[in-house]
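Residue strings, one per chain:
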Amino acid sequence: MPRRTMIEAIQNAQDVAMGADARVVVFGEDVGYFGGVFRCTAGLQKKYGKHRCFDTPISELGIVGAAIGMAAYGLRPCIEIQFADYMYPAYDQIVSEAARLRYRSAGEFTCPMVIRMPTGGGIHGAQTHSQSPEALFTHVAGLKTVVPSTPYDAKGLLLAAIEDPDPVIFLEPKRLYNGPFDGHHDMPVTPWKKHDLSEVPDDHYTVPIGKASVRREGQALTVLAYGTMVYVATAAAEESGIDAEVIDLRTLLPLDEETIVASVKKTGRCVIVHEATRTSGFGAELAAIVQERCFYHLEAPIERVTGWDTPYPHAQEWDYFPSPARVREAFERVMQEG
Amino acid sequence: MPRRTMIEAIQNAQDVAMGADARVVVFGEDVGYFGGVFRCTAGLQKKYGKHRCFDTPISELGIVGAAIGMAAYGLRPCIEIQFADYMYPAYDQIVSEAARLRYRSAGEFTCPMVIRMPTGGGIHGAQTHSQSPEALFTHVAGLKTVVPSTPYDAKGLLLAAIEDPDPVIFLEPKRLYNGPFDGHHDMPVTPWKKHDLSEVPDDHYTVPIGKASVRREGQALTVLAYGTMVYVATAAAEESGIDAEVIDLRTLLPLDEETIVASVKKTGRCVIVHEATRTSGFGAELAAIVQERCFYHLEAPIERVTGWDTPYPHAQEWDYFPSPARVREAFERVMQEG
Amino acid sequence: MNEAEGPLSLTVPEPEFRPGDKPDFSWVAVDKAGAVRRPAYDEDPRDFRDLAFSIIRVLNRDGEAVGPWAGLLSDDELKKGLMDMMTLRAYDARMMTAQRQGKCSFYMQNLGEEAIGCAFGRALEPGDMNFPTYRQAGLLIAADYPLTSMMNQVYSNDGDSARGRQLPVFYSSKEHGFFSVSGNLATQYVQAVGWAMASAISGDSRIAAGWIGDGSTAESDFHAALVFASTYKAPVVLNVVNNQWAISTFQGIARGGSGTLAARGHGFGIPSLRVDGNDFIAVHAVAKWAVERARRNLGPTLVEYVTYRAGGHSTSDDPSAYRPKEESAAWPLGDPVLRLKAHLIAKGVWSEERHVQAEAEVMDAVIAAQKESEAIGTLQSGRLPSQRDLFEDVFETMPPHLLRQRHQSGY
Amino acid sequence: MNEAEGPLSLTVPEPEFRPGDKPDFSWVAVDKAGAVRRPAYDEDPRDFRDLAFSIIRVLNRDGEAVGPWAGLLSDDELKKGLMDMMTLRAYDARMMTAQRQGKCSFYMQNLGEEAIGCAFGRALEPGDMNFPTYRQAGLLIAADYPLTSMMNQVYSNDGDSARGRQLPVFYSSKEHGFFSVSGNLATQYVQAVGWAMASAISGDSRIAAGWIGDGSTAESDFHAALVFASTYKAPVVLNVVNNQWAISTFQGIARGGSGTLAARGHGFGIPSLRVDGNDFIAVHAVAKWAVERARRNLGPTLVEYVTYRAGGHSTSDDPSAYRPKEESAAWPLGDPVLRLKAHLIAKGVWSEERHVQAEAEVMDAVIAAQKESEAIGTLQSGRLPSQRDLFEDVFETMPPHLLRQRHQSGY
Ligand SMILES: Cc1ncc(C[n+]2csc(CCOP(=O)(O)OP(=O)(O)O)c2C)c(N)n1
Ligand SMILES: Cc1ncc(C[n+]2csc(CCOP(=O)(O)OP(=O)(O)O)c2C)c(N)n1
Ligand SMILES: [Mg+2]
Ligand SMILES: [Mg+2]
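Chains as they are written, first to last, in the numbering used here: chain X, 3 to 340; chain A, 3 to 340; chain V, 2 to 412; chain Z, 2 to 412.
With the rest of the complex left out, here is chain X:
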């Protein structure tokens, strides 16, 4: 089985999709000739032509707005926002238009499109290259939100997203683009090519939207994580000796509540980990759901380990980024309670 980095898996998914369906078009800032600042669209313009893969003006609003028109026409745009931090100029088009077109026209017009964007920190990108805005999407009815954590999932979920009849926000944890990063910024990173989770078939396959994956089974507590934090949580579990079950949510909306609820009912304890600021982060929704649905099984308060409620800093990045140590401390607090 060929091994691929997450970047290669994403590139390959788009290649497969464009090859299979002439309606799939790919565009964004620097994605055409150059193939994207992270190379996620490398070679696509050459292979499929300038009219199916092209550079755009620097207008996230324009990129998303044009894509909505194309989707309504009948194409299947898969577009790149260069960094999630730059999606705000397009937020109106995403929230007011893409998300609501099917609803407001009762299905007469629809908006099948994928908005890809690199997210998360850990690359010294400071406040404008590090954000994790997932909660700003999960609050909006009409959007699906997906966050892969492995090359295999990235390809399978991206193909599922491109084939989905509704708009999908596809958040790519850029800290994982080249290697899985086992939770510690000051230790060497295993490149994907040497990592088991990088086996990515050449052919078409999908990973279903809406299904979580249990990355590590355990009995003592449940960790809910996604993207880069899956590795941080796993490292914390390994290092703490606590028998934690690590669930990689993969899709935030629609959320796989059944997998979560089954796990928490089993373990009775829950820790949520994400990079985004804490207040009104997606962890709040997870905590609310878990206490709603597992109240009588919970033996300790649900803990959230998250980015602090500050803008994303630069020099202090590793004090901001949830570390295995912080997750471990939460594990210990949660195990002591109850």
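Simulated from the structure, these hints should not be mistaken for laboratory data. As the structure is a prediction and not an experimental result, all values here were calculated from the model. Don't take each hint at face value.
Said to hold, decoys possible - Below, a list of computed lysine-lysine pairs in the DSS-like style, where the Cα atoms sit at most 27 Å apart:
{"no.": "1", "chain 1": "A", "residue 1": "Lys-52", "chain 2": "X", "residue 2": "Lys-267"}
{"no.": "2", "chain 1": "V", "residue 1": "Lys-326", "chain 2": "A", "residue 2": "Lys-48"}
{"no.": "3", "chain 1": "V", "residue 1": "Lys-23", "chain 2": "A", "residue 2": "Lys-52"}
{"no.": "4", "chain 1": "X", "residue 1": "Lys-48", "chain 2": "X", "residue 2": "Lys-267"}
{"no.": "5", "chain 1": "A", "residue 1": "Lys-48", "chain 2": "V", "residue 2": "Lys-23"}
{"no.": "6", "chain 1": "X", "residue 1": "Lys-52", "chain 2": "Z", "residue 2": "Lys-326"}
{"no.": "7", "chain 1": "V", "residue 1": "Lys-326", "chain 2": "A", "residue 2": "Lys-49"}
{"no.": "8", "chain 1": "Z", "residue 1": "Lys-326", "chain 2": "X", "residue 2": "Lys-49"}
{"no.": "9", "chain 1": "A", "residue 1": "Lys-49", "chain 2": "V", "residue 2": "Lys-81"}
{"no.": "10", "chain 1": "Z", "residue 1": "Lys-81", "chain 2": "X", "residue 2": "Lys-48"}
{"no.": "11", "chain 1": "Z", "residue 1": "Lys-372", "chain 2": "X", "residue 2": "Lys-49"}
As the list claims (entries may be wrong) - So, partial list: chain Z residues that the calculated Cβ filter (under 8 Å) puts toward chain A:
{"no.": "12", "residue": "Phe-26"}
{"no.": "13", "residue": "Ser-27"}
{"no.": "14", "residue": "Ser-206"}
{"no.": "15", "residue": "Val-228"}
{"no.": "16", "residue": "Gln-245"}
{"no.": "17", "residue": "Gln-252"}
{"no.": "18", "residue": "Leu-345"}
Note that the Cβ used here is the ideal one computed from N, Cα and C, for glycine as well.
The hints should help you fit chains A, V and Z with the ligands onto chain X, whose structure is shown.
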């Protein structure tokens, strides 16, 4: 003591602020000559001149962006977005700029400004005149978010907001502009002028940002609400005969956790009510905090009564809007448990 | 070397007239009918920049159609155009009343601007797509969309194809080339460009038309649309309806120092025309020219329609608070219905009698449709969309959390 | 009546040259130095629209300063300008190396564009405010902001006045008229207009300058800035630095069919000038003209600086992947340092020897500053901002939840 509608209280707060401080400027779409589509700025242009109160082009981005520049210069803009549903074009300026300017310049440049916007439903405004986007602000570090529910609070909080050294999002529940609406859309509304909470002094006063208000004391359960939902929750309490304590949060960020925690520790039960869509709404954060801080006092799962996870409909408005009946049902469920 | 003298001060543009003033539009430069030339489709836009500052007009004061833009429509087509405008006006009047009667929550009329949608619609081919605002109902009338369907939407009744989810007048009909109206101003302008790009990407021959109001040109989406249309030469007609007002705000606030809104196109190398929006024949001819340019893959055209919003902004608005009551009558471009009527009479193919009869005909048609629609229901009574519908169409397939919420809601 | 023939197709503009091609810029129309006229400050902008399509130049091939835009600066001022540009270049070179050595996370240089910031800065008065992008470090150098302070920011060390919170080169100095740089493109353009409006509202005499790159003119904020500046006649200079590239994307993608980016101003009635960005004297003269217009309350001016980004976009970029390596050398406007040097030599106030000596002087100054800064620390070692700082300055007063989080974090 003079009685004022919420609109008059808001107009009066701006009048007082402009009179006291030449740095206060007021602008937005239709706010100048005409005095705002809801009349919240009526008379201000005439009184203070076109250079301090004026109409703007229809560009929410421009309104907020210009206001940021003015705030950085040293003015104190208090601007109106015509409906909260139309703040999205300005979201980038709010999130990436206003919220982070102090942080990224370590206080060298600051952004004291107020962004006023009518929010919430109940006026048959459909998807583009009904939204409650508070959670999209509370997630952003660097913003304060305020929601008054009475004319007295509206004036006092707005003056506090204008005098605040940081950007404040000021959400005005438009269902309450003219009368308090006792929870039932199909029953006559008491106009403010006949309502006790409409006594608003002429002079300057402030209501502190960050302090909740207990609107109804009770022992059986705690209701967390804000804006229009304070009246819906109170109606539900009155009608159900359940001894509910209704807390009007007034400020969502910074949140008055102490008042909340003290109440839930007393009652052991908690119901959260808001109009916004449920998933990732501010209710999720409230539920997460309450279970974190009151876990051992809780006798039942925290319930959320919210708008559904759909766009805001038109004909079906009153099926979407959290009704006293839905809140009552939640009260009953919460009382039965544990 | 600071040569400046006094302190700076802020300029805030003001309309010429406010309530109490006597409006006088003699300063508005209105070109003579027939005076503005008609460029070749592929003429370099730099060579007709003046057309963004003049006003293309066909109908002169004597009711004659004159000049290079005249002559495209047959008498029958013109009569159909007149009937369409009259239908729209009658429909508007009935719906304004219906709103006052509480049968719908809200309404927005097209009074004074009927020519624009009704004439533009005739310049399109089936399959072309408009991305309209709330004030282009004329496009639907021109495309023979049933009045009953329009009313069902306005009444949010069970006959509304969009299940009562939208504010009145936010119509949608793919079949009639009318994209679902958004309440957010300007957002759809760039979507029109995207739709047109998609057509070009697909090697199709269909073209798109974007619609925006004078006030809304200030929005970001307008800029994005111009950038994308200019860069990719999208086959799109970019329409700006300058009806002088954006709620209470006069067009000078959006226009700033540019002279005209059509001039906005110049910064993008987009050919820009300005046309008398109350002249049915001129609107149609200019639309046809722009549509043809798009169809020939020559790229976008910006068209500014100079008109006047004769009524309030919506049923929530009272314009006498911010402009003189007489302003509408003083507006120099006249009434689109009366002007086309006069032309047809001058041509000898219409008469005052026929017109009175036609008025009765359109009113009958509107009333018949209204009966049919009200038999289904109005916002306050009759058959409304099911409450279950609230949960449909958020996604193609209802995800578990929504199913659960629908269940909780009792439906 | 569809006269169109074949199907539609999408136009996607392409740069003239890609890696492997031999660049040839002979098609770029470069006006002769001294050839473009200098309008009066209050001349009607419609009467000098041509100035958005020409290039104002002062330094001719013989190193002479000629024409109506020449003669504003003394020899000493010019020498200071040359030294500033040389300092910036030396500083950039050192910081590029420092980045490769891991002393900072990232860097963006100004290579080839030094004249713009260095000359513009000289046209301002104390109290005026720039809203710069990441490529206007020349403004700081011209304002005599200490090199050590700049380096402290780049190294995110404990001497950084912004506490290491920002990416390298995102400087901030109110005192030096340099607004805190945002990483979000274009956002600050409209803030500059707002700042200028505030000055006008306050009856002040200070003016603002907005800065944007060619690629970023496509962003919405650019449009909002032009709309607001045009409507309120804000005292602001709107600068567009057209360095031909936006990362890997050539300026034709943002420009579309408009001919030049300066032409964007025409749609707003904003006077628009285009200037040789590699000609220190021309940049200064045009800046001075635009600043003076603003100061006289005559409103905004749009200025496009035609230049070339001679280096990579940033330390993360390798331009040889998307443009010919020789393109920079083939670019017809030459090097700003060499051109000003040649002028001073031609004038007899500078020499090759003095230049060599000056190069040593600026390098000494840069190295001395670097030593001082590195004595405090670099990103990887030495004194860094405290971790406690992470929680400061979110608000003026730290609210309880942040206090709790800081406590949790162990600081
Ligand atoms: C993004 C956004 N901002 C504000 C509004 C509120 N609003 C509705 S119509 C309108 C005026 C529009 O004026 P114009 O574009 O001239 O169109 P007209 O109504 O004259 O046809 C405003 C401000 C809105 N619907 N959307
Ligand atoms: C809103 C936003 N979108 C995208 C980016 C990523 N980005 C950073 S620089 C750049 C290119 C800017 O080009 P240009 O405006 O020409 O400026 P230059 O770098 O040439 O000075 C891009 C796309 C960003 N910083 N902000
Ligand atoms: Mg208008
Ligand atoms: Mg550039």
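Hint by hint, here is what the structure shows:
1. Distance restraint check for Lys-52/A and Lys-267/X: the Cα-Cα separation of roughly 63 Å exceeds the 27 Å cut-off, and the hinted pair is therefore not satisfied.
2. A distance of roughly 21 Å separates the Cα atoms of Lys-326/V and Lys-48/A; the hinted pair therefore holds under the 27 Å criterion.
3. The hinted pair formed by Lys-23/V and Lys-52/A meets the criterion: a straight-line CA distance of about 22 Å does not exceed 27 Å.
4. Between the alpha carbons of Lys-48/X and Lys-267/X the distance comes to roughly 52 Å, so the proposed pair goes past 27 Å and is violated.
5. As the CA atoms of Lys-48/A and Lys-23/V are separated by approximately 21 Å, the hinted pair is consistent with the 27 Å bound.
6. Distance hint between Lys-52/X and Lys-326/Z is fulfilled; the C-alpha atoms sit about 23 Å from each other, no more than 27 Å.
7. Distance restraint check for Lys-326/V and Lys-49/A: the Cα-Cα separation of roughly 25 Å lies within the 27 Å cut-off, and the hinted pair is therefore satisfied.
8. Straight-line distance between C-alpha atoms of Lys-326/Z and Lys-49/X comes to about 25 Å, which keeps the hinted pair within the 27 Å bound.
9. As the CA atoms of Lys-49/A and Lys-81/V are separated by approximately 53 Å, the hinted pair breaks the 27 Å bound.
10. Among the hinted pairs, Lys-81/Z with Lys-48/X is inconsistent with the structure: their alpha-carbon atoms are about 49 Å apart, more than 27 Å.
11. Restraint check for Lys-372/Z and Lys-49/X: not satisfied, since their Cα atoms lie roughly 51 Å apart, outside the 27 Å limit.
12. The criterion of a C-beta within 8 Å of any C-beta in chain A is not met by Phe-26/Z, whose closest approach is roughly 36 Å, and the hint is violated.
13. Violation of the interface hint for Ser-27/Z is found here, the shortest Cβ-Cβ separation to chain A being roughly 41 Å, above the 8 Å cut-off.
14. Interface hint status for Ser-206/Z: violated, as the beta-carbon distance to the closest one in chain A is roughly 13 Å, over 8 Å.
15. The beta carbon of Val-228/Z comes within 5 Å of a beta carbon in chain A, closer than 8 Å, and the hint placing it at the interface holds.
16. Because the beta carbon of Gln-245/Z sits about 26 Å from the nearest beta carbon in chain A, more than 8 Å, this interface hint is broken.
17. Interface hint status for Gln-252/Z: violated, as the beta-carbon distance to the closest one in chain A is roughly 23 Å, over 8 Å.
18. Below 8 Å, beta-carbon pairs count as interface contacts, and Leu-345/Z has none with chain A, the closest being about 36 Å; its hint is therefore violated.
Checked against the numbered hints listed earlier, the structure breaks hints 1, 4, 9, 10, 11, 12, 13, 14, 16, 17, 18; every other hint is satisfied.
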